[in-house]
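Visitor: Here's the letter readout for the chains.
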Amino acid sequence: MRTKHQPVYLERRTYRQRRLRDAARLLPILGVLLFIVPLLWTRDATGAASTGYGFAYIFAVWAGLIVVAGWLSHRLDAPEEGAQGSEPRS
Amino acid sequence: MISFNVLVVVCLLYVAMLFLVAFAAEKRAERGEVGWLRSPLIYTLSLSIYCTAWTFYGAVGYAVRSGLEFVTIYLGPTLVMIGWWWVVRKLVRIGRSQRITSIADLISSRYGKSNFLGVIVTLLAVIGTTPYIALQLQSVTLSFSVFADESAPWDFSNLNNTALVVAAGLTIFTILFGTRKLDANERHHGVVTAIAVEAVVKLVALLAVGVFVVWGVAGGAGDIMTRIEASDIATWNLAGGRWASLIFLSAAAFICLPRMFQVMVVENADERHVALASWAFPLYLLLMSLFVIPIAVVGLDVLPGENPDLYVLTVPLSLGQNGLAMLSFLGGFSSATSMVIVAAIALSTMVSNHIVMPIWLNSRTGGASMSGDVRHVVLLSRRISIAGVLLLGYLYFRFSGGSGALAAIGLISFAGVAQVLPALLGGIFWRGATRIGAALGLIFGFTVWAYTLFLPSFGDTFLMSAAMVEHGPFGIDWLRPRALFGIAGLDPVVHAVFWSMVLNTGAFLLGSLMSFPQPLERLQGAQFVNVFEHSHNAPGWSQGAAEAEDLLIMSQRILGPEQAQALFQRAAAGQGKQGYYPDTTPDFIETLERELAGSVGAATSHAMVGQIVGGSFVSVEDLMAVADETAQIMEYSSQLEAKSEELSRTAGQLRDANEKLTALSVQKDAFLSQISHELRTPMTSIRAFSEILMDGPMSKDEQDRFSRIIHDETIRLTRLLDDLLDLSVLENGQVSLNWDDSNLHDVLERSVASTSTMETDRTLVIIRDVAQEYLPLVTDSDRLAQVFINLIVNARKYCDAAEPSLTIAVGRRGAAVTVDFVDNGSGIPRSSQSVIFEKFSRLTDKSQAGGAGLGLAICREIMDKLGGSITYLPGQSGAAFRVTLPLVDARARAAE
Chain U
109 MRTKHQPVYL
119 ERRTYRQRRL
129 RDAARLLPIL
139 GVLLFIVPLL
149 WTRDATGAAS
159 TGYGFAYIFA
169 VWAGLIVVAG
179 WLSHRLDAPE
189 EGAQGSEPRS
Chain R
636 MISFNVLVVV
646 CLLYVAMLFL
656 VAFAAEKRAE
666 RGEVGWLRSP
676 LIYTLSLSIY
686 CTAWTFYGAV
696 GYAVRSGLEF
706 VTIYLGPTLV
716 MIGWWWVVRK
726 LVRIGRSQRI
736 TSIADLISSR
746 YGKSNFLGVI
756 VTLLAVIGTT
766 PYIALQLQSV
776 TLSFSVFADE
786 SAPWDFSNLN
796 NTALVVAAGL
806 TIFTILFGTR
816 KLDANERHHG
826 VVTAIAVEAV
836 VKLVALLAVG
846 VFVVWGVAGG
856 AGDIMTRIEA
866 SDIATWNLAG
876 GRWASLIFLS
886 AAAFICLPRM
896 FQVMVVENAD
906 ERHVALASWA
916 FPLYLLLMSL
926 FVIPIAVVGL
936 DVLPGENPDL
946 YVLTVPLSLG
956 QNGLAMLSFL
966 GGFSSATSMV
976 IVAAIALSTM
986 VSNHIVMPIW
996 LNSRTGGASM
1006 SGDVRHVVLL
1016 SRRISIAGVL
1026 LLGYLYFRFS
1036 GGSGALAAIG
1046 LISFAGVAQV
1056 LPALLGGIFW
1066 RGATRIGAAL
1076 GLIFGFTVWA
1086 YTLFLPSFGD
1096 TFLMSAAMVE
1106 HGPFGIDWLR
1116 PRALFGIAGL
1126 DPVVHAVFWS
1136 MVLNTGAFLL
1146 GSLMSFPQPL
1156 ERLQGAQFVN
1166 VFEHSHNAPG
1176 WSQGAAEAED
1186 LLIMSQRILG
1196 PEQAQALFQR
1206 AAAGQGKQGY
1216 YPDTTPDFIE
1226 TLERELAGSV
1236 GAATSHAMVG
1246 QIVGGSFVSV
1256 EDLMAVADET
1266 AQIMEYSSQL
1276 EAKSEELSRT
1286 AGQLRDANEK
1296 LTALSVQKDA
1306 FLSQISHELR
1316 TPMTSIRAFS
1326 EILMDGPMSK
1336 DEQDRFSRII
1346 HDETIRLTRL
1356 LDDLLDLSVL
1366 ENGQVSLNWD
1376 DSNLHDVLER
1386 SVASTSTMET
1396 DRTLVIIRDV
1406 AQEYLPLVTD
1416 SDRLAQVFIN
1426 LIVNARKYCD
1436 AAEPSLTIAV
1446 GRRGAAVTVD
1456 FVDNGSGIPR
1466 SSQSVIFEKF
1476 SRLTDKSQAG
1486 GAGLGLAICR
1496 EIMDKLGGSI
1506 TYLPGQSGAA
1516 FRVTLPLVDA
1526 RARAAE
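Heads up: the sequence lines are chains U and R, in that order. Just add 108 to the spot in the first sequence (first one is 1) and you have the numbering used here. Just add 635 to the spot in the second sequence (first one is 1) and you have the numbering used here.
In isolation and in its complexed conformation, chain U is listed as follows (with noise of 0.2 Å):
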């Protein structure tokens, strides 16, 4: 069944789990930060930013949150499903 160096690789999977866990409480501080520097760009005179600059700037934040809570929830969610296998947990 389990061969001798498994429970170190084990070890240093939860430790990555963990850390992948903060990553995931972590990622909306950063949304929010990013979400809110648009109140920080300098304006023009009748105080307006431009539409198409901003557009573009929130989409992007917008699909890299994306991809990173993506890469994020598929490792989280990798080891369950790996535990599934054939190999049962003990």
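No wet-lab data here; the hints were simulated from the structure. Everything numeric in this text was worked out from a predicted model, so none of it was measured. Please note that the accuracy of each hint is not assured.
Listed below are several chain U residues computed to face chain R (Cβ distance under 10 Å; list not exhaustive) [what the hints assert, rightly or not]: (1) Pro136; (2) Ile144; (3) Leu147; (4) Gly162; (5) Ala164; (6) Trp170; (7) Ala177; (8) Gly178.
To list a few chain R residues with every Cβ distance to chain U over 12 Å, as calculated [said to hold, decoys possible]: (9) Trp671; (10) Trp850; (11) Asn872; (12) Ser913; (13) Ala915; (14) Leu962; (15) Glu1228; (16) Arg1284; (17) Ser1308; (18) Lys1335.
All C-beta atoms in this analysis are idealised placements derived from N, C-alpha and C, irrespective of residue type, glycine included.
Model the placement of chain R on the given structure of chain U, informed by the hints.
Guide: Below, chain R without anything else, positioned relative to chain U:
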């Protein structure tokens, strides 16, 4: 232009298709083939009811009015979903482990199952959602009216008719699929599947319109960017307060909206679905809002001056794209209907559970004792509630006259339901949150929201006059609804959100800090806040495999991995399956329970299996049985412990005995060699001198001298043999003691007298305290005198002081008498103190008296027989011996 009749036919076909999808899904679920019905994709798509007709039509209008600000409505939910590890995951777990049926149920359950809170949240939800339902009806009727032309058979100048028809249709659908059966876990497969289909339709529709606008009307992405820069909304008037507070508001509403809670928590089939939704739902939102700005810009170009809320529909229509317009219409229709259906289900559950049922149960004297009856009543009350909610929506639509921009109503609704947020987050993260705090927070927040945002939104009515809005009630300036506490100049929504959330949270925190929770509140608080510690194996994590897995994990702990795996593999093979996970059939559960019972007892096994398979309920009887068995096991184990202690004691005794035997054997050898030596010395001299006597004539003197030596040696030999005999008799216990009454003084007197007759060149002074010696004894006085004589003689022989003296002191120690013999010699060295009572242990070889070293050994044996003891007393001026005698009758003890 599409004829109105075609539109109606397509619309009816679409609705029929939805009915079929819902029906098929229900049938599938009934057969137990949930399969893809419970897939994470369906879950993600069902979340899309966040995007209502307000989104579908209203976002473009919002963009036309406020530019990029519309996107805040989607950024909030995006942040909540990518932060699923914080809130959504916990809510889902709590919802599953506590079997939560609605957001009102969650709040009520968290705060000690308080129905009062349930009622407050229900009312808040109904009041907050009704305008929203009206909004959906309005958007559907508006979209109908776009297609209405002269050929319409109905009078579409009166939108009310359309709204009524739509409301009735929705009521029928919701009742049919939302209240088919009273499911314990409140899942509606039919409805969720239909919503998922609608989610796809509205996304495809909006994307199609977007693609058409960007690549059909405009010349691609680059052209669109230049059009944006050239349009009316080219400049982004970023209002910081609104931007931030709308992101917050949409995030709060995403969690608190009753319909969102319904699909996100109640309808959730598997916690892991949230992982996929965490990025897939933000992606859905991104796609839904990607083309909003382009459509708005192109709409402003093509149809300036028209209602921008309908650009999604009117732009393709005006450009002759009838098919696209039809698709767009169906998208809007889907958005509206899916929202209304889920909202109606969620609200009806709340109304029925927290308002109707408590009243009904109270009104009946019999109580809820008849269970079949109650199920029927619950279903009926839900159906009536659904109809009631939709009727309310219709009435609101009717009397508000379809006024106001869509977005404004949406935001008011959002701000209303967001008032639940402090009580919700406080409830799942802070154990100190109490019922009173939650109630105060909800009431404060709700009141402030109604006063600053909801009531003024009706305009000049009897509820709140325009003058009151302008100058405050009774002219009190600082109570102006749009400028509370004199802080004017804020955007109304920002103002309302700020004050309602601040006062709500403040009241919640203060109330919680000042009040004391009831026991049930504290229990529920701990269960909610620490839900991940309390529910490691969330029941029904995903039926089948996960249950079998949980069972296997548990069995491995009890049976050991190999045996458990073999058992599961056998069971799986018996069901014709590969691997370790058999279906959790009743047969298998029974077998497993029996197997486990062999290790942990029947009651424990039943309770443990029951926890995984049959929900989290353990009966009191189960627990008591477990306690009984545990007590038995503990008793058994303590018995074992006692036995093992006894065994180890016996083993210790045996070891001691063995050591003693070995020592005795050594002693015996030493004794034999010693005695041979002792016997041989006198025998040698006797033989030698008798040979001299036999050899021939000698003088009379010589003859006398030799005969005397032979005589002395014979006496010495006799004494030695006497001592040996004495010791042997004593050691074998064959000695017969003459117990009689005597006095210690007499015995001592006799002993001293008998030793004083011995002729010796040394005089020993004996010091005694005669007054202490008059103690009655029951003992063998001859034997005791023998001991005393031996001690006195020893002192006489071995005391090496210039003027030897012996002190005989008598003392009493409890029930014993001590007689100490202390001389003033140099005493016995420490290293020898332990051997002086052994046989033949003469310390020096200056045995002029011819002692064989048996005296003290004999003394010890005698004292032993008399029930006393003789010990060496260290630390005195010289050699000191203590004889201890029992005061009481020692015969009985000695006889044992």
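Visitor: Need the list of violated hint numbers for this structure, in ascending order.
Guide: The structure breaks hints 11, 12, 13; every other hint is satisfied.
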